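Peer 1: One-letter residues, chain by chain:
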Amino acid sequence: MNPSDIAAVYPEIIVTVVAMIVLVAGATLGERRQGAILAIITVAGLLVAFASVFGAVAPGQYFRGFVTIDAFTTFFRAIFILLAVFAALVSPAYLARRRVPAGEYYAIICFSTVGAMTIALSSDLITLFVGLETMTIPIYVLAGIQRTDRYANEAALKYFLLGAFSSALLLYGFVWLYGVTHATDFATIAGVLATQGIANGPTIVALALVTVGLGFKAAVVPFHQWTPDAYDGAPTPATAFMSVGPKAAAFAAILRLLVGALGPLGVDWSAVLAILAALTMTGGNIVALAQTNTKRMLAYSSIAHTGYILAAVAAAKAGPSASAAVLFYLFAYGLMNLGAFACLLYLDLDGTRGATLDELNGFGRREPVGALAFAIFLISLTGIPPTVGFVAKFIVIQPVLDAGLAWLAVVIALNAVLAAFYYLRVVVHMYMYEPEGAVPRIISARGLSASLGLASLAVIALGILPNSLYEWALRAAAPLIH
Amino acid sequence: MTHVLSLLVVIPLAGLIPLWLFRRDARAVKQVAITTTAVELLVSLWMLTQFHIGEAGFQLTDQAPWLPSLGISYFLGVDGISVLLVPMTTLLTFIAVLYSSGGAIKMRVAEYMTTFLLLEVGMVGVFMALDLFLFYVFFELMLIPMYLIIGIWGGPRRIYSTLKFVLFTLAGSLLMLVGIVAVYLASADPSGARTLSLPDLIEARGRFSGDFQFWVFLAFALAFAIKLPMVPFHTWLPDAHVEAPTAGSIVLAGVLLKAGGYGFLRFALPLFPIGVQAWLPVLILLSVIAILYGAIVSAVQKDLKKLVAYSSVAHMGFVTLGIFVLNLQGGVGAVLQMLNHGFVTGALFLFVGIQYEKTHRRMIADLGGLANMWPLFTSFFGIFMLASLGLPGLNGFIGEFLVILGTFRFPGVPVNGFVWGPLAAIGVILAAVYLLWMFQRVMYGPVREAYRALPDLSPLEVACAVPLLVLTVLLGVLPQPFIAIIEPSVDQVVRLATDPSFHLLASR
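Chains as they are written, first to last, in my numbering: chain U, 1056 to 1537; chain V, 540 to 1047.
For the record, the hints were derived by calculation from the structure and aren't laboratory data. Some hints here could point you the wrong way.
[Claimed, not checked] Here are some of the chain U residues that sit facing chain V, going by a computed Cβ distance under 8 Å:
id, residue
1, 1411
2, 1439
3, 1441
4, 1449
5, 1464
6, 1471
7, 1525
From a predicted model like this one, the values you see are computed outputs, not experimental measurements. Ideal Cβ placement from N, Cα and C applies to all residues, glycine included.
Given only the sequences and the hints, what does the whole structure look like? Please build it.
Peer 2: Right, dumping it as structure tokens:
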């Protein structure tokens, strides 16, 4: 191991150190004071890590080819750290109210982020798998961190069982892949598959297992059943993080594997991915239509968004614009979906429950800033300009059409109409109904309002001036194509 | 290069700042909103004076790179088709805001005025955008404010109506988005460069195959047909109009519907000449059905506001008929009809609203004898009603006359203009039937005791109505200057639509 190897993973090291400091500080500080202090340490440490992402290491392979640093790595490291910062900023009030151990909470988020970042820098099946598990295992704990809440317990158990199951499938797929190619590094795998093609049984088995395993992680229909219960049962700030961080990480893995290492098979495999994408967006949206609980509705809608992103993966033969669309959409999705879940934190509800639509009546008048931010996130999730969600849809439709999948583009458009119905219904309840009967108390937390206000401004600013983000996504997607 | 068009986009946004500062004071909020829309109106009139009449191409263009990696630019410009629609928009917005400040809106005034200013950005932007991406952004920008205006300040069934309005519109426009992306991909020149700028796309349209044009025209046409609305996509309109507050109805009928007709003329016709030809029989048939169906359904309405709403369906039928007969008379007539409908139907909704504010009744059967108490109201309402039915000397006549003239010259197969023209003319007669009958039932007859004490028009209401009245008469007796502005650009669009090998004239 040479010194530049260590320098290559400074961001990961910094996030790990932050996690450990927070853990120790959480154990030593008094329960009363720790909330704010731990949040500040976490955010400050993560921002240092964020700065180090753009550090001086030259792009290339490190740790004898187990780690690769390129524009793709940088993009995802930045996304993961920003999402962790956002999650840390919106959490303190909720943690204090629910007496969730703050030290453990922030440490778990940091550890999971290290795992996600490891996926982004992997150039080998082994690194990828280690990253995936490092990311997922903390999330199982996060889902069940409210030990006395039985819904949280159910969520954690379901998530753990299905997560372990999908990891096993994925690992089994890796084994087959190794059997076919006699290699674990992506470059060699891609080289061997380019000469062999898809036309033999073992390759198809490997590909199917990998797709199913990653499909579970990303919550692709029909491998999504764990998602609504896990999202619904977990504490709301944890749900907000779970719905974006691990999903972005799953797509980082999908891009590294399906577009990078298995890229030579992409054309043969894209029809399957396109069908899965259509099923995912339609299934997620149709079930979301029937929900009256906003938290569960957002859980299903996040499945629908997986479908839109997967559509861009399926369009890989359109070239770098397809992968760039995945990256852009993930960035936009992370911002708006985390924001939307976090808006539920204003409402003081029992346990882990999310607000029903009726409980949101009059929210627009009772909490103007929070409601406006929520409305902006929802409009962006619908895909209406001038928000980043609209630009993301535009950028996804482009490679999908370019790859000749016109039917899929039409399915995306029609799904956006379905989604508009349930997203805008929330706006209806917030602004167009007056509160009647028992409505939950509003928790006005300045930190929450400030971070959500900032995030909603970013959603609009990136909707009006998306160029630099898109160019960054294009640069980040370039190294994927060999 | 001037920036007057960008100024028109910026002024309403700038008005949001003082609006926000004074948000606690309803009076100040109203004054800020009135001032902002008045400045916007004046700038749009100044823009009109800068326009060179007699040139077909785009003028006052303002262009800057926006998403250069995708070949998308911020590109504004006006030509003879759009240059009159912009001041129409700013005038109707001003009137809507002025009327709303009179007491029709009692709750959440600051939010109300904010949505109106945001709506104005979308509306003026739609008529000036020359990049398809930018056009789409403005097109959708009109959606959310109108959704809020109907949903928050509307009538009893406002939630149902506003969701129906949004979902209908979105269904069309999202398919258009797919169409826009398809156009973008097909625009690639041999070097691979792609664009969404309208003049460049018109140059590149030779690369759009017949099949491609067939489907993409359909995607665009659905969006515009829903917005306009054409029969059978009109079912959102009566609901939205009935529930919308008066100012919302004025702007919805006066401006938002025009975005559909304008979209056909600006984008669908010049870009997809082969696609237009393929769909022409359907489009003409639907237009004539809209004229007759709208008129017949209007005649049986019991609700005054619904009657005006359905009459819009008929009037928009004339707009689409004029557009799709693909000749100069029809096209000029369609643009004039859009302007006329904006002024006249905007005014009719204003008066229905004023009447409702006073009597709190909208059912025709509950009204009657109003003429005896309200001479001023009766005179204004009567003139706008006559303009709406196409009385010569008022503006409605000119547009419908030119459209019917153009229809007679339509050489279509399987049946030509000598079939369609008379059918459309029957629509004019039917308009006279339902409007005069409505006027008789509402204004004449015995005075109802309950209404005896109600006052005639207030000075504010007269101030709202006078500009519309002046334009209604002016366009009726002196249409030539307006036609001179419109004609060259319509001529160019018609050539582009009828001759796939025709190229755009150089624009300024």
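Peer 1: Hint by hint, which ones does this structure get wrong, listed from lowest number up?
Peer 2: Number 1 only.
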